[in-house]
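The lines below spell out each chain.
There are 2 protein chains.
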Amino acid sequence: MSKPRQLHLGAFMRPVSIHTGAWRYPGAYPDANFNFNHLRKFAQTLERGKFDAFFMADHLAVLNMPIDALKRSHTVTSFEPFTLLSALAGATERIGLVATASTTFDAPYHVARRFASLDHISGGRAGWNIVTTSNPDAALNFGLDDHMEHDERYRRAREFYDVVTGLWDSFADDAFVRDVTSGLFFDPSRMHVLDHKGKYYSVRGPLNIARPVQGWPVIVQAGASEAGKQLAAETAEVIFAAHNSLADGQRFYADVKGRLDKLGRARDSLKILPGALVVVGDTVEEAREKRAKVDSLVDYANAIASLSIALGHDASKFDPDGPLPDIPESNASKSGRERAIALAKRDNLTVRQLAQRLGGFGGFAFVGTPKTIADEMEEWLVSEGSDGFNLMFPFLPAGLDDFVDKVVPELQRRGLFRREYEGPTLRDHLGLARPSNRFFAPA
Amino acid sequence: MSKPRQLHLGAFMRPVSIHTGAWRYPGAYPDANFNFNHLRKFAQTLERGKFDAFFMADHLAVLNMPIDALKRSHTVTSFEPFTLLSALAGATERIGLVATASTTFDAPYHVARRFASLDHISGGRAGWNIVTTSNPDAALNFGLDDHMEHDERYRRAREFYDVVTGLWDSFADDAFVRDVTSGLFFDPSRMHVLDHKGKYYSVRGPLNIARPVQGWPVIVQAGASEAGKQLAAETAEVIFAAHNSLADGQRFYADVKGRLDKLGRARDSLKILPGALVVVGDTVEEAREKRAKVDSLVDYANAIASLSIALGHDASKFDPDGPLPDIPESNASKSGRERAIALAKRDNLTVRQLAQRLGGFGGFAFVGTPKTIADEMEEWLVSEGSDGFNLMFPFLPAGLDDFVDKVVPELQRRGLFRREYEGPTLRDHLGLARPSNRFFAPA
Ligand SMILES: Cc1cc2nc3c(=O)[nH]c(=O)nc-3n(C[C@H](O)[C@H](O)[C@H](O)COP(=O)(O)O)c2cc1C
Ligand SMILES: Cc1cc2nc3c(=O)[nH]c(=O)nc-3n(C[C@H](O)[C@H](O)[C@H](O)COP(=O)(O)O)c2cc1C
Chain C
1 MSKPRQLHLG AFMRPVSIHT GAWRYPGAYP DANFNFNHLR KFAQTLERGK
51 FDAFFMADHL AVLNMPIDAL KRSHTVTSFE PFTLLSALAG ATERIGLVAT
101 ASTTFDAPYH VARRFASLDH ISGGRAGWNI VTTSNPDAAL NFGLDDHMEH
151 DERYRRAREF YDVVTGLWDS FADDAFVRDV TSGLFFDPSR MHVLDHKGKY
201 YSVRGPLNIA RPVQGWPVIV QAGASEAGKQ LAAETAEVIF AAHNSLADGQ
251 RFYADVKGRL DKLGRARDSL KILPGALVVV GDTVEEAREK RAKVDSLVDY
301 ANAIASLSIA LGHDASKFDP DGPLPDIPES NASKSGRERA IALAKRDNLT
351 VRQLAQRLGG FGGFAFVGTP KTIADEMEEW LVSEGSDGFN LMFPFLPAGL
401 DDFVDKVVPE LQRRGLFRRE YEGPTLRDHL GLARPSNRFF APA
Chain U
1 MSKPRQLHLG AFMRPVSIHT GAWRYPGAYP DANFNFNHLR KFAQTLERGK
51 FDAFFMADHL AVLNMPIDAL KRSHTVTSFE PFTLLSALAG ATERIGLVAT
101 ASTTFDAPYH VARRFASLDH ISGGRAGWNI VTTSNPDAAL NFGLDDHMEH
151 DERYRRAREF YDVVTGLWDS FADDAFVRDV TSGLFFDPSR MHVLDHKGKY
201 YSVRGPLNIA RPVQGWPVIV QAGASEAGKQ LAAETAEVIF AAHNSLADGQ
251 RFYADVKGRL DKLGRARDSL KILPGALVVV GDTVEEAREK RAKVDSLVDY
301 ANAIASLSIA LGHDASKFDP DGPLPDIPES NASKSGRERA IALAKRDNLT
351 VRQLAQRLGG FGGFAFVGTP KTIADEMEEW LVSEGSDGFN LMFPFLPAGL
401 DDFVDKVVPE LQRRGLFRRE YEGPTLRDHL GLARPSNRFF APA
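Which chain is which? The protein sequence lines are C and U, in order.
To convert, note that position 105 of the first sequence is 105 in the UniProt record's numbering; the numbers rise steadily by one, no gaps.
To convert, note that position 107 of the second sequence is 107 in the UniProt record's numbering; the numbers rise steadily by one, no gaps.
Calculated from the structure, these hints are not laboratory results.
Any given hint might turn out to be false.
Identical chains blur together in the list; that is why a pair holds if it fits in one copy or across any two.
Said to hold, decoys possible - Listed below are the simulated EDC-like cross-link pairs for lysine to aspartate or glutamate, each with C-alpha atoms no more than 20 Å apart in a straight line:
#	residue 1	residue 2
1	Lys41	Glu93
2	Lys197	Asp145
3	Lys293	Asp179
4	Lys317	Glu286
5	Lys41	Glu376
6	Lys406	Glu289
Keep in mind that this is a model prediction, so the values were computed, not measured.
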């Protein structure tokens with residue numbers, strides 16, 4: 001009897017939440033970007049909720065926004081992922097730890113080594129969210145005048161991945177004999193010198209650390225472009241997607257799983273986890289009120305700028321407390337414009353509310369009771385919209401506590417989510433095989 | 001009344017010890033390079049012993065030695081410093097955490113950010129051991145064919161340091177107002193965009209993390225050349241030196257402190273901590289036996305190669321169990337040759353013992369009882385040979401336990417070492433001032 005499919009749940013974290021109004025929410029920790037104790041508490045709560053992984057987003061520059069918006073944004077400062085996740089490794093026992101690392105602005109030897117080290121320190125819980133870094137300001141912090149061209153970034157990413165995984169395979173799993181009597185520490189015939197000389201990278205190796213506990217840390221990818229999806233289909237084991245609706249999710253799911261078929265990869269060797277904000281109430285009404293409350297904490301002047309961009313039309317002249325007026329079509333992104341109009345209609349939002357919604361967190365959201373949220377998640381899972389979710393919380397700690405204390409038990413009751421971790425590693429949680437070593441067959 | 005001068009003690013760590021025979025010593029952990037639990041225990045023992053800091057050495061390649069020596073060496077694998085020290089931050093409360101990071105093979109933005117993050121996570125306990133990386137094999141792992149020339153490395157290091165410290169000063173200490181009512185997260189007039197454009201680096205900034213708890217993490221330097229000493233005098237707050245005798249130490253101490261005078265820096269703004277192996281016994285005889293025992297675990301074939309290099313003469317023809325024969329002078333390093341001959345004479349060593357001594361750990365060592373070791377350390381301190389030591393243990397955990405349980409109490413009894421940490425930060429332990437922000441006066 002095969003096990004029924006279950007959801008995989010990641011938590012996509014910024015220390016103060018993804019939502020830009022979150023730090024002002026009653027009971028939130030406005031200092032979470034500077035205070036490790038809060039982060040430790042969040043990770044421990046996620047582990048209590050049996051989450052697959054704590055995902056740490058990352059940016060290699062202060063986010064690129066006008067100073068009047070920036071000065072109101074908690075995103076200006078954050079912990080660096082490797083230092084944060086290593087510290088969290090010591091404060092947790094089972095939850096996976098996924099760090100974002102850029103293939104455009106770091107060296108493969110460093111990246112391979114840090115992930116291997118995190119994997120050893122955490123007992124096999126590391127994952128690498130491969131990004132090519134889209135923020136053009138990052139280039140200016142790394143000696144470049146301009147951002148590297150998009151497809152060039154992805155070509156480098158592919159080679160970078162080959163080098164990193166090759167370095168992880170520097171030693172066979174059984175290389176380290178540590179024979180105290182003879183004095184042999186490792187068997188040199190079980191060490192491989194990579195000697196990579198490619199178009200972009202030249203890296204000799206071997207890596208100066210043993211093969212990771214998981215063989216390779218779990219490979220995660222978030223690219224949305226054609227090049228991004230293809231890189232994911234070739235290399236990723238988890239995709240972190242962004243969709244607006246179940247129908248979008250199903251299209252993406254079919255697209256990517258179809259690419260796996262073509263590549264001869266098993267469909268369940270890659271889990272698709274769309275990002276979703278999750279706002280929990282005891283009634284649907286209460287959940288909507290919480291959402292409205294955190295949205296209302298987004299500064300209106302900044303919010304109206306976001307709305308104007310989405311609409312391709314200056315929204316600052318509209319009555320903030322009236323409904324969205326009819327506006328002529330423009331050259332702006334058609335999909336952004338249509339989404340904004342549909343959102344205002346569906347949730348009956350004023351101009352102010354719509355602007356603050358988009359300025360706070362404009363992406364996909366579950367807003368409801370434990371039962372309605374579990375219903376929706378179940379529908380995504382059974383109708384092949386996703387293999388789970390990468391969840392974001394509207395404010396911390398309460399938004400996270402609500403999910404773990406109320407929604408997780410409902411998912412468990414339905415058999416949709418684990419009650420206990422089955423193994424110690426992130427690969428165990430995700431049901432992913434341990435990769436074999438490309439240079440050494442098992443002894 | 002001014003406080004009497006006290007010793008500062010760091011522990012210079014590799015997971016299995018510096019000594020190449022250590023992993024074979026009875027009771028040692030041959031798997032410490034892969035097992036974080038051992039490292040946690042070492043750090044907690046050092047903290048119990050009130051050490052100033054845990055220093056993590058680092059190399060960006062497998063150490064450059066013939067495969068027949070390498071296969072017997074535990075140095076082939078190790079944890080990466082940032083991941084290790086961040087994990088140790090969570091397992092300790094007071095001890096300083098000094099990571100080695102290279103100015104030749106990393107980017108200033110990454111280095112600034114990781115140290116700032118470690119400093120926030122640890123509550124102000126981070127230090128940066130600035131190295132220019134002398135192992136030529138590192139270059140091959142980072143896309144270069146040849147190692148960069150020595151003085152060029154130091155010129156880059158100086159500019160690298162300016163960029164990193166400038167990035168740490170991106171925000172005034174009081175920049176983050178986090179005013180929930182008005183929605184102002186930080187005061188933009190208290191943020192500085194570095195806009196560095198130098199000979200080697202071009203880095204815009206600001207850093208995307210708040211100013212470190214210590215203002216700047218403590219700056220440590222280990223260079224021994226003229227360029228290295230001058231960089232240290234200009235920038236370092238701790239020097240990690242390597243001497244063969246108290247007289248050497250005094251010369252170095254006078255040289256470097258004299259450079260501080262010329263630069264207008266206070267003499268106690270830079271602490272000089274020579275490296276020293278420390279082997280503790282209940283009698284001097286017992287300490288010597290422990291040392292002989294760990295030396296005897298060094299493979300003889302490798303050891304004799306080290307001795308031949310030191311002597312500039314093939315030592316493999318000598319009777320291993322006889323005394324060192326007279327040998328003609330050669331073109332080899334005169335100082336290495338003289339040291340080897342003097343060592344054999346002083347400790348009455350056979351050829352085998354001398355070879356294994358040099359192959360295990362050839363540097364300066366305290367070998368004796370708690371009383372004789374405290375006597376020697378006191379002499380170094382009062383005669384201006386050093387401000388303390390960066391200690392290495394011949395084997396772990398026992399060599400470390402012996403020092404903390406037996407020598408530390410003796411030093412404390414004499415008033416030469418703290419009984420309690422006085423403050424929470426590494427700067428507090430070392431008696432170093434918190435640097436002011438170069439762009440912002442305190443509010
Ligand atoms: C949900 C999600 C999370 C992402 N997180 C990060 C991140 O933490 N850091 C980053 O540089 N890029 C991040 N990205 C950006 C992606 O890496 C990628 O650049 C973006 O999705 C555009 O895709 P494309 O580059 O394939 O066009 C994220 C993207 C998505 C969809
Ligand atoms: C006690 C001691 C410890 C050192 N630790 C490291 C280290 O961990 N990593 C490294 O690359 N170099 C290390 N070095 C090397 C120094 O950074 C430096 O390259 C070496 O002392 C030669 O000095 P010079 O470069 O000024 O000639 C160490 C040196 C000493 C004396």
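Cross-check of the supplied hints:
1. In this assembly of identical chains, the alpha carbons of Lys41 and Glu93 lie at most 20 Å apart whether taken from the same copy (13 Å) or from different copies (17 Å).
2. Taking the closest pair of Cα atoms, Lys197 and Asp145 come within 20 Å of each other only across two copies (11 Å); inside a single copy the shortest separation is 27 Å, beyond that limit.
3. When the C-alpha separation of Lys293 and Asp179 is checked against a cutoff of 20 Å, the pair qualifies only between copies, where the shortest distance is 17 Å, while the shortest distance within a copy is 63 Å.
4. In this assembly of identical chains, the alpha carbons of Lys317 and Glu286 never lie at most 20 Å apart, being 32 Å within a copy and 87 Å across copies at closest.
5. Proximity of Lys41 and Glu376 under a CA criterion of 20 Å is satisfied in neither setting, with 28 Å inside one chain copy and 47 Å between copies.
6. Taking identical chains as interchangeable, the C-alpha atoms of Lys406 and Glu289 lie at most 20 Å apart only when both belong to the same chain, with a minimum of 18 Å there against 64 Å between chains.
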